[in-house]
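*Asks:* Take a look at the letters that make up each chain.
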Amino acid sequence: MFIVEMQSITKRFGDLLANDHVNFELRKGEIHALLGENGAGKTTLMRVLYGLYHPDSGVIKVKDRPVVIHSPKDAIQLGIGMVTQHFALVPPLTVAENVVLGYQNSFVLNQAQIEESVAEAARRFGVEINPKAIVRHLSVGQRQRVEILKALYRNAEILILDEPTAVLIPQEVEALFETLNHLKQEGLSVVFISHKLHEVTQITDRITVLRDGRVVGTVNTTEVTQKEVAAMMVGRETFGVSRIDTDTSDPKPVLEIIDLCANDDKNLPVLKNISFAVSEGEILGIAGVGGNGQKELAETICGVRRPTAGKVLVEGQDVTGKSPSDLTRAGLGRIPEDRHEGMVIHLTVTENLVLEHLDEFTRNGMLDHKAIRQYADDLIQKFQIKAKPNDITRTLSGGNMQKVLLARVLARNPKVIIAPQPTRGLDIGATDYVRQQLLEQRQRGAAILLISEDLDEILALSDRIAVMYEGEIVGTLPASEATPERLGLLMSGAVKEH
Amino acid sequence: MEVFIVNLIAATFRVSTPIVLAAIGETYSERAGILNLGIEGIMYFGAFVGFLIADKSGSLWVGLLFAILAGVLFGLLMGFFTVTLGVNQHVSGLGITLLLSGLTLFMFRLFYGGRSTPPSIPSFQVIKVLPDNPILGPILSQYWLTYVTFLVIVPLAWWILYRTNFGLKIRSVGENPEAVDAAGVSVPAIRYAALGIGGGLMAAGGAFLSLFQLGAFTHGIISGRGWVAIAIVIFGNWQPIRVMLGGLIFGGTFALQLRLQAMGLQLPVPYETFLALPYIVTIIALVIAGRNASYPAALLKPYRRE
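Sequence lines, in order, name chains L and Z. Per the working numbering, the very first residue in the first sequence carries number 1; after that it's consecutive. Per the working numbering, the very first residue in the second sequence carries number 1001; after that it's consecutive.
Careful, some of the hints might be misleading.
Simulated crosslink set (BS3-like; lysine-lysine; CA at most 25 Å straight-line) [stated by the list, open to error]:
{"hint": "1", "chain 1": "L", "residue 1": "K73", "chain 2": "Z", "residue 2": "K1301"}
{"hint": "2", "chain 1": "L", "residue 1": "K73", "chain 2": "L", "residue 2": "K184"}
{"hint": "3", "chain 1": "L", "residue 1": "K61", "chain 2": "L", "residue 2": "K184"}
{"hint": "4", "chain 1": "L", "residue 1": "K311", "chain 2": "L", "residue 2": "K496"}
{"hint": "5", "chain 1": "L", "residue 1": "K272", "chain 2": "L", "residue 2": "K61"}
{"hint": "6", "chain 1": "Z", "residue 1": "K1301", "chain 2": "L", "residue 2": "K266"}
Pairwise CB distance ranges, derived in the manner of DEER restraints [claimed, not checked]:
{"hint": "7", "chain 1": "L", "residue 1": "N267", "chain 2": "Z", "residue 2": "L1156", "range": "52 to 58 Å"}
{"hint": "8", "chain 1": "L", "residue 1": "T10", "chain 2": "Z", "residue 2": "H1090", "range": "38 to 44 Å"}
{"hint": "9", "chain 1": "Z", "residue 1": "K1301", "chain 2": "L", "residue 2": "R329", "range": "36 to 42 Å"}
No wet-lab data here; the hints were simulated from the structure. Keep in mind the model is a prediction, meaning the values are calculated, not measured. We put the CB at the ideal spot given by N, CA and C, even for glycine.
Input sequences plus hints: build the corresponding full structure.
*Replies:* Structural data, given as structure tokens:
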């Protein structure tokens, strides 16, 4: 018996066909993965089901009854709950207030009564949470539990989870899966949106794969291998990159960070005595849950944020507090964290490619357009950028924008490369490309600092892994000793290893 | 000296009333995520409409009612601009203030012509609760709207914001409208409601000046009280009780400077220095309290479902 049937759903955004006659069926009491790369249309489909988007055509049936879902309110009444990637919580309110928000009809809000009823619901559904806690003080994993409880409190029978593990440390993922399995026994039906294969094969009963807005197929999880699903997802067999271990018996440190401290935008300490070194031909991965100072670390090293103490050395030369252009000359290359921040999206690809070293293309105070064009053509070819030199950068896909940035930085053969979140928001093809490029740079002898919230990425690329927690390096492990569990403990701040 | 202090306290409550009313109105709006810079204009228009209707109908009560209705109306207009059309809140708010300043002057000319003395009407009278008590007598000799403001409107605002589901929605919509939307509650409905209530209170603050305190309408009747109210909301950290305290501090300084001027002290500074005192105190208070101000996170941000 299907609890939800979506038939031939089509949703367009301008020229983009986000869902193209998509069929999706959810059985009662199953965990069903909606798998696909970024931009495959998974979230769009579920936003349609939750009433956040209106489909251009198609039929939705809930419990065999055709329904029209105009808004989340309709969806909630039909027993559908959704936990979005960005939590829909109000940080200054208590857990109980967040859970009942919009669900109580009485005029008066009785704090004691809602706390009691939320505590009761938490017990009943096996979700561990303190109703009196202020959401602002909760960890990401706990916030997610509040979201799930919120849906269950509204008597949801169908729970949609959009990339629920993206923000969790491995231990929290385990706890989430336990909760989901428990709820499944109680008869809840779950849609699990993901692009992480190993999680999908671990938790789900069936998998529907989407690619470019179309359904590639629906399979029973037990009957397929990860490789087969990956092939469905990307339309090709290859998947992932592999790192070749190199001999690092005589490492020569190229980038050295000594007792670096810095403050955040509110003038509070955000980096606390950070020290590490990255050697020639080495990738040092910085792991950690987002917001523990990684962004500020990259900014401070790259000269965008002023350090309050400590030193940054490139090949023994003190470059602390130097301007970004001095740093570029010293051999430091930075792949900006935010693609839109790292270039001027209203300019052409060519202009963005030369933006950081205009002085080299200037003759008698004028830009040498011929040389610029030649240089850009070379880079576009070398880095396989799918764009013409005069295309406005804004019109490029995320993957191609990232290639422009990579080309600009890597063409200089920098001795040090700072790569914060280099594959965030990219599809698998582009992600592989970026990772491959980083590995090639490592082979060439560059010292690479990779900062990523994606543990899989850290594990796949790094020679050594350092974990950041609340502005400190709480542990550094060689890749051979790093397991997701061990890193997870460090990331949660539970232990320190030095 | 005792008489001086007693009179000062009595005046403090009187002077604070319009500012506290407007600031509580602004608190409702800002808690819902809308900075209503139309406050100065709405107070001005409220003062005029209240006066005009009271003058023409002969009833102060009808005048006050129409002033509040006008305030609600222009609060909702602010909602139309910022919530429905998604226009920048600064622009819409200043636009409403400019519109209402012009409209008020225009209507004044229309109904009262270019006279040299301001028109006046018999105003509401003070209510003496304990006329014989030497201390509480003068202090509890206030207009009824002052009693209502401090005893009903301020506590009620606290109760509504923190102890009702409607208040929970207002606070939430000013912090994270996505959460409210995802919970199946209409974000525009809550914001319109908060702006309507806020506009009504702002206009009541304006009408207090024309129908209670002065019994007249003058062009400079509001003279920046709306802007002061905005500063006081920040000082009060968007909490009604603290906003009220902020209003009393301003009112107290204002009442004090009036008395200092009236005493005719021969000081080496011009009397304008005293006039500036309440504003200087407001700035100082704001600088001190503003450091820890926790703005509603969604303030100034229009909400659009993607």
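*Asks:* Indicate, hint by hint, whether the structure satisfies it.
*Replies:* Each hint, compared with the structure:
no.: 1; hint: L:K73 / Z:K1301; result: holds (23 Å)
no.: 2; hint: L:K73 / L:K184; result: holds (24 Å)
no.: 3; hint: L:K61 / L:K184; result: holds (21 Å)
no.: 4; hint: L:K311 / L:K496; result: holds (23 Å)
no.: 5; hint: L:K272 / L:K61; result: violated (55 Å)
no.: 6; hint: Z:K1301 / L:K266; result: holds (21 Å)
no.: 7; hint: L:N267 / Z:L1156: 52 to 58 Å; result: violated (39 Å)
no.: 8; hint: L:T10 / Z:H1090: 38 to 44 Å; result: holds (41 Å)
no.: 9; hint: Z:K1301 / L:R329: 36 to 42 Å; result: holds (41 Å)
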